[in-house]
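Chemist: Guided by the hints, dock chain B onto chain A, whose structure is given.
So the sequence lines, in the order shown, correspond to chains A and B. Final position of the first sequence in this note's numbering is 562; the numbers increase by one with none missing. Final position of the second sequence in this note's numbering is 541; the numbers increase by one with none missing.
Among the clues, some could well be false.
[Stated by the list, open to error] Coverage of chain A stretches by chain B, computed from C-beta distances (three or more under 8 Å per stretch; other residues unrestricted): (1) 80-90; (2) 359-372.
[Stated by the list, open to error] Once the Cα atoms are required to be at most 30 Å apart in a straight line, the calculated DSBU-like pairs of lysine-lysine come out as: (3) B:Lys19 with B:Lys55; (4) A:Lys305 with A:Lys340; (5) A:Lys81 with B:Lys95; (6) B:Lys168 with A:Lys194.
None of these hints come from the bench; they were simulated from the model. Values in this document were obtained by computation on a predicted structure and should not be read as measured data. From the three backbone atoms N, C-alpha and C, an ideal C-beta is built for every residue, glycine too.
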Amino acid sequence: MALSKHVNPDRIIQESHDKDKSKKEHRLKAASEVHDAYGGRFSTSALPKYSLASKGVDPEAAYRIIHDELSLDGSTVLNLASFVHTWMPPQADRLMQENISKNLIDSDEYPATQVLHTRCVSILADLWHAPSAKEAIGTATTGSSEAAQLGGLAMKKMWQQKRKAAGKSLHEPGPNIVMGANAQVALEKFARYFDVECRLVPVSVESKYRLDPKRAMEFVDENTIGIFVILGSTYTGHYEPVKEMSDLLDEYEKKTGHSVPIHVDGASGAFVAPFVTPKLQWDFKLPRVVSINTSGHKFGLSYVGVGWIIWRDKAHLPKELIFELHYLGSVEYSFSLNFSRPAAPIIAQYFNLLHLGFEGYRSIGLADMKNARLLSRALDKTKYFTVLSDIHRAVGAHDQAAIDSSDIEDYEPGLPVVSFRFSDSFKQNHPEIQQKWIQTLLRSKGWIVPNYELPPELEKTEILRVVVRENMTEVLIDKLLADLIEVTESLSKSDSAEHALNMLGHTQRPSKHENSESNLKGGEGSSSSGTYARTC
Amino acid sequence: MSLSKHIDAEAIIEQSKEHHHKKHASVRSRQNQYSSWRRDEDAAATPKYTMPKAGINSKAAYQLLHDETALDGNPLLNLASFVHTWMPEYADKLIMENINKNIVDQDEYPAAQIIHNRCVSMIADLWNAPKGKAIGSATAGSSEAIMLGGLALKKRWQEARKAAGKDHFHPNIVFGSNAQVALEKFARYFDVECRLVPVKEANGFVLDPHDAIKFIDENTIGVMLILGSTYTGHFENVVLMNELLDDLQKRTGLDIPIHVDAASGGFISPFAYPHLKWDFSIPRVVSINTSGHKFGLVYAGLGWILWRDEQYLHKDLVFELHYLGSVEYSYTLNFSKPAAPVIAQMFNFLNLGFEGYQRIAYKDLRNARMLSNALDRTYFKVLSNIHKPVKKNFSLLSAEHSDDPVNYEAGLPVVAFRLSDQFKKDHPNVQQMWIQILLKTKGWIVPNYAAPKGAENVEILRVVVRETLSEDLIERLIMDILEIAESLTKNAGSIMAAVNVVSSSGGKVYQPDQTNARPEKDNMDGGDAKSQHGFARQC
Chain A
27 MALSKHVNPD RIIQESHDKD KSKKEHRLKA ASEVHDAYGG RFSTSALPKY
77 SLASKGVDPE AAYRIIHDEL SLDGSTVLNL ASFVHTWMPP QADRLMQENI
127 SKNLIDSDEY PATQVLHTRC VSILADLWHA PSAKEAIGTA TTGSSEAAQL
177 GGLAMKKMWQ QKRKAAGKSL HEPGPNIVMG ANAQVALEKF ARYFDVECRL
227 VPVSVESKYR LDPKRAMEFV DENTIGIFVI LGSTYTGHYE PVKEMSDLLD
277 EYEKKTGHSV PIHVDGASGA FVAPFVTPKL QWDFKLPRVV SINTSGHKFG
327 LSYVGVGWII WRDKAHLPKE LIFELHYLGS VEYSFSLNFS RPAAPIIAQY
377 FNLLHLGFEG YRSIGLADMK NARLLSRALD KTKYFTVLSD IHRAVGAHDQ
427 AAIDSSDIED YEPGLPVVSF RFSDSFKQNH PEIQQKWIQT LLRSKGWIVP
477 NYELPPELEK TEILRVVVRE NMTEVLIDKL LADLIEVTES LSKSDSAEHA
527 LNMLGHTQRP SKHENSESNL KGGEGSSSSG TYARTC
Chain B
3 MSLSKHIDAE AIIEQSKEHH HKKHASVRSR QNQYSSWRRD EDAAATPKYT
53 MPKAGINSKA AYQLLHDETA LDGNPLLNLA SFVHTWMPEY ADKLIMENIN
103 KNIVDQDEYP AAQIIHNRCV SMIADLWNAP KGKAIGSATA GSSEAIMLGG
153 LALKKRWQEA RKAAGKDHFH PNIVFGSNAQ VALEKFARYF DVECRLVPVK
203 EANGFVLDPH DAIKFIDENT IGVMLILGST YTGHFENVVL MNELLDDLQK
253 RTGLDIPIHV DAASGGFISP FAYPHLKWDF SIPRVVSINT SGHKFGLVYA
303 GLGWILWRDE QYLHKDLVFE LHYLGSVEYS YTLNFSKPAA PVIAQMFNFL
353 NLGFEGYQRI AYKDLRNARM LSNALDRTYF KVLSNIHKPV KKNFSLLSAE
403 HSDDPVNYEA GLPVVAFRLS DQFKKDHPNV QQMWIQILLK TKGWIVPNYA
453 APKGAENVEI LRVVVRETLS EDLIERLIMD ILEIAESLTK NAGSIMAAVN
503 VVSSSGGKVY QPDQTNARPE KDNMDGGDAK SQHGFARQC
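The following block holds chain A by itself, in its conformation from the complex (with noise of 0.2 Å):
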């Protein structure tokens, strides 16, 4: 052995070990019975569900109770609900387990998934095009909600300065932000939590159910910390206006002298409208743009887990709010709201980045748009339903007939998002059919297409909404018009069984057989103010 004399390492392991040692005399002995190769003991005896059991199964039993109860959740490729993506290849699974286990935080033990992130960042920026890549800065995020959350604290603490530097009160009458009412429930999330009043903008048809910037303007004032502006309504994937807004805020420096920064929410939308439609402007190239946060687990094809948020420079993201982390020979710098989290999304995210190049990414884009048009035109030709958005129509086209050209830039920029609702005609024809009936009877078929209302002002009308997502192929489509209509069509037979359904009327509630003691019940939570307060 390679020691000194002074010390002797063998001796002093002896030494400091617990006494009882040679006995080899635990208290503690591992569950010794055998159990039945199917789930263990609790094949026939209780779960426990809310508490922990005294003893435990093996893996193997654990993974088959588990494995089979998950077997209960529906199929993630029938779910058009959904913005998240599912699907990767199986080089993506691979490289994914084989870092499961790495912290994206430690960078001094996991120095090239770091490098990768930042790798990941760079081509962020540069495609949306940030003045430059060196100067821009941005982070992971666990999804959007995060992300937009840091835009919005970032502006925050802008404002506060900008007010404290002029010496006025931060609390009296308190910073506001704008949004179109149609926005997703994590920026009305970060008005309240942040301490920030919530100034929602009303959407109208005209407005194509998103923000209206004119509209906007009206709540505007010095207090505003900025404008979120969303890229992809959730509702019906129309683009809010970057461009527009943009100019009238320019317009409103100029008379008032005070800037107003705008963030994009592009959590679908920055990922599509890159790709499909390169010439829209909404990204960095306008300068009023600080910040954008995305979803890496929606259209940049990831598994759900990463989000991003970049900031166009330094200059837009506080010093206050990035913390110094000193590792060994470097200083990282953290902005998040989680700090340990999995690098495997992050190392998946650069993983497409890599497989699919800016071509990859656009013929997946494309092809999402050419199946929701062949959706959107063939429920138009049905009579029964009416498209709400707009991605087959010609640009500017609203409310009007569908065009089938086959270029992409003679189509209105929007998310491949199809949004529908009975027609007038139908309606008039059927009016004891309720729409939600749609969304139940199509779930018996396997689909998830949710069933809901628009944002306030327009919330009488209910929408029902298909996100075509990578996996949504040409023959799913097909499939699923062919079940849409064959549910329609029987709803407004009088004599069939799913007529008598639809009159038996809907209001009986599942019972919830595991109420667990976690939950809250109903009406103790307070209801948004009408933004979009569901999954995405």
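Modeler: Here is chain B on its own, set in the frame of chain A:
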């Protein structure tokens, strides 16, 4: 060649490439890419900071990244981190099966949601929450959980102040300077004044409730106590804090709640020290957070926060989400979030049960004691105290040396140590930081850092004993630490020269990957950046 900041490594790499074939690189040449990744020159020239125009096939992308991530360290030897890095094969399988599920999507994944709720119930029960009252949620980690806990305290204070017609814009929060940086982050991000209670070496670098009480006033939204200091593993005294706050309320009428940051301790204390009082059995404790990915034995990406009663969660903070046939409630900073970590947590609960967790906690503590004892006998002074027998049981111990952690001081399976005073006197030139650097060359990550505010002059080396650090590895670690300490006494001069190069150039070594889209020291220093005190490292 040693790199200095004047030389741009990327430029050199660029210059050193052969470029003559570049103009022939066309779409056609890319068609070769599907043959074999190793022969694929295009993949080698993939741009790093911009998106490649055309991609490479998924096998090639896999291989590139697989190889590149080989530069990452080995999670097993990372003794700096509390984050768990191993799960049984069946858990891996379960995670991969569910990797594309989104926990908030309750329409589509109702079964995952039920598993989530059961996890909350089990943890509530484990922490002695009043039956049927507790509510809680999974989070991405303890940071998010702490912010939610703090925000609930803040909102409650604001509402009370508004109701009383008093100023509600200047809240403050009190915690020890040994807190993890997330606590300080909460204060800064949510505009709450952060009142750090300095710590002393004498009380194990943790908050002394008697000191803390002096920081409290009518604007205090709460006290955060840390169950398991990140520095030394000491538990803060929740019982005493509760008594002092009761006393304060009697004197002044101020009703100050406690949030316990049990990031690590929440899954150690109930198993190793079942009689220790720190949880909801103490009335003033309104919320507790923990990390499922620390001693909850799940991979990174899972935390938990529980409130003893829903009345401590203001209605405004909870958003109603309407789903098919049911209403769910959301109080999180993240929205979409993977379901797999929650499922993995339930896997552990079923697989291990109470006794399984207890067995692992015992083992971790036993191994930590062994390491502590070994270090204490050599050149080091151990600052953590889990190896010190509890006095009243001392006679019993010398006879039997029981394995039950209850016979020792309570704490996390953490060994914090420094060079002994004798060693420092004999070898004044030796810097403790060198041990960190030299251990790294052997593969171990053992961080060396300054103790928290109040005792900044003390440097600490720390080893976290997790499930994966077996007795066998501990023996290797002891040998390596001793070997390094020995060599420092002999070759201090030459090692100093080598180590100083590494340490003095720290942060200055040119790292091309770091100049892109990330904050740099030069840009961040000075200005109006606030100083920070919390434990700002990975944990």
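Chemist: Let me make sure I understand: some of the numbered hints might not hold for this structure. Which ones are they, in numerical order?
Modeler: none
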